[in-house]
Amino acid sequence: MSVAPDPPEIFDRAAEEGERRLDQSWLELVSTSFIAGFTIVFGLAALGISHAVLEPRIGDAAKLPGSLAFGLGLVMLVVGRSELFNENFFDPVATAIERDDSWLVWPLLRLWTVTFAFNLVGGALFVFVLSVEGALPTGTGEALVTVAEEIVHRGSRGMFADAIAGGALVALLSHLLESVDGVGGRIAMAYVVGILLALGPFDHVIVTVLHVFFGIQFGADIAVGALGRVTAVVTAGNVVGGLGLVTVSHIAQVVGARDERD
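Start counting the sequence shown at 1; every next residue gets the next number (my numbering).
Everything labelled a hint here was simulated from the structure, so no lab data went into it. Bear in mind that the values here come from a model prediction, so they are computed numbers and not experimental data. Not one of these hints is a red herring.
Quick list of in silico lysine to any residue cross-link-like pairs, SDA-like style, CA-CA up to 25 Å:
id, residue 1, residue 2
1, Lys63, Val75
2, Lys63, Val145
3, Lys63, Ala161
4, Lys63, Gly158
All chains should be built: construct the whole structure from the sequences, respecting the hints.
Dropping the structure here:
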């Protein structure tokens, strides 16, 4: 019977994974970020298709199978080792904490800004592809428009709170992935987090912005300024939840455990 690793062991694994992520070449980082962007669009498309098919029959209960469908997109992303913004908070910061000679400010900024930008580029290009007439089943576009308009019409305070939760969930995924062994465990963790993210729904900036962009492509009446507000609010919430809540608290947990051992 395998024993779950303790917090310091999880932290050591995270620091090793963070080293790999920070040491990526420019081409590798751009490519993996781009791949993550279009991969997550598969989850959004599955969510829209599920809503289009099931909502007329079962009403709001369609959110559950829609969330189950979206979770598969996150599984594909994690198994494929793609680079998703916010999911790459915990591991690289663990690496920076372990370094005695540097806080790795530039490598961290490079990782996060490139990931953010090319997640959106890859996702937006694939949204264009799937927005072509006839690419998705009838009714999917209308379902995506409805969700996109619901997103932009929320108040900033509620959106910020949902983004804190979404940022915490996705950053927590990094921690959970280091606590399990084998592909099966990684799939289970990714799927559970994906379901919760969609079921909330809790905002992750890449998922949310691409969802809104999907709606715009299908005719949603959303101004550029509204999309900009969503991007700014959700990004801020993800940073607070992912870095300020999950990453800092787990670092404090490990520091406390090491002090107790010493």
